[in-house]
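Please work from the sequences and hints to get the whole structure.
Just so you know, we're using UniProt numbering here: the sequence shown kicks off at 1 and counts up by one.
If you are wondering where the hints come from, they were derived from the structure by calculation, not from laboratory data.
Virtual Cβ for every residue (Gly too), placed ideally from N, Cα, C.
Among the hints, a few may not be true.
Lysine to aspartate or glutamate pairs mimicking DMTMM-like chemistry, simulated, CA-CA at most 25 Å apart [said to hold, decoys possible]:
{"no.": "1", "residue 1": "K11", "residue 2": "E103"}
{"no.": "2", "residue 1": "K72", "residue 2": "E56"}
{"no.": "3", "residue 1": "K72", "residue 2": "E98"}
{"no.": "4", "residue 1": "K11", "residue 2": "E75"}
{"no.": "5", "residue 1": "K72", "residue 2": "E36"}
What follows is a list of derived Cβ distance ranges for each label pair [claimed, not checked]:
{"no.": "6", "residue 1": "E82", "residue 2": "R112", "range": "31 to 41 Å"}
{"no.": "7", "residue 1": "S89", "residue 2": "R5", "range": "30 to 40 Å"}
{"no.": "8", "residue 1": "E56", "residue 2": "E103", "range": "29 to 39 Å"}
{"no.": "9", "residue 1": "E56", "residue 2": "R112", "range": "23 to 33 Å"}
{"no.": "10", "residue 1": "G33", "residue 2": "R5", "range": "12 to 22 Å"}
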Amino acid sequence: MPFIRVETNLKVETAEADAFVLKLSKFVSVILGKPEIYVTAILHQNASMSLSGSNEPAVFVSLASISLQSDKCLELSRSVCEFITAEFSVPGTRVFIEFRDLERSMFGWNGRTF
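Encoded structure:
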């Protein structure tokens with residue numbers, strides 16, 4: 001059950017935001033090798049945000065998944081950062097990424113856990 005939440009202090013128009021979350025969902029499915037039917041993608045935009053003591057354009061990403069292997073996080077960080085910098089035109093130094101491994105029993109969907 002991959003879950004990705006992207007938070008940014010940039011303002012994104014509704015149509016662009018809708019298109020972005022669909023693109024993000026497909027991207028996560030591909031990089032994690034998991035069926036898109038289980039992917040949740042959320043964009044929180046126009047947030048009050050400070051990164052490195054500055055409120056210049058920035059993006060915070062939280063990526064969580066069952067069986068997320070820590071030895072894959074470096075590769076995932078590169079892929080996610082490239083995707084985000086291309087989509088939002090912000091430098092990689094303004095992108096912060098959190099990775100979380102989820103226990104199957106602690107994540108529910110459709111009235112059951114994984």
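Ascending list of hint numbers which this structure does not respect: Numbers 1, 2, 4, 7, 9 - these are the hints that the structure violates, sorted from lowest upward.
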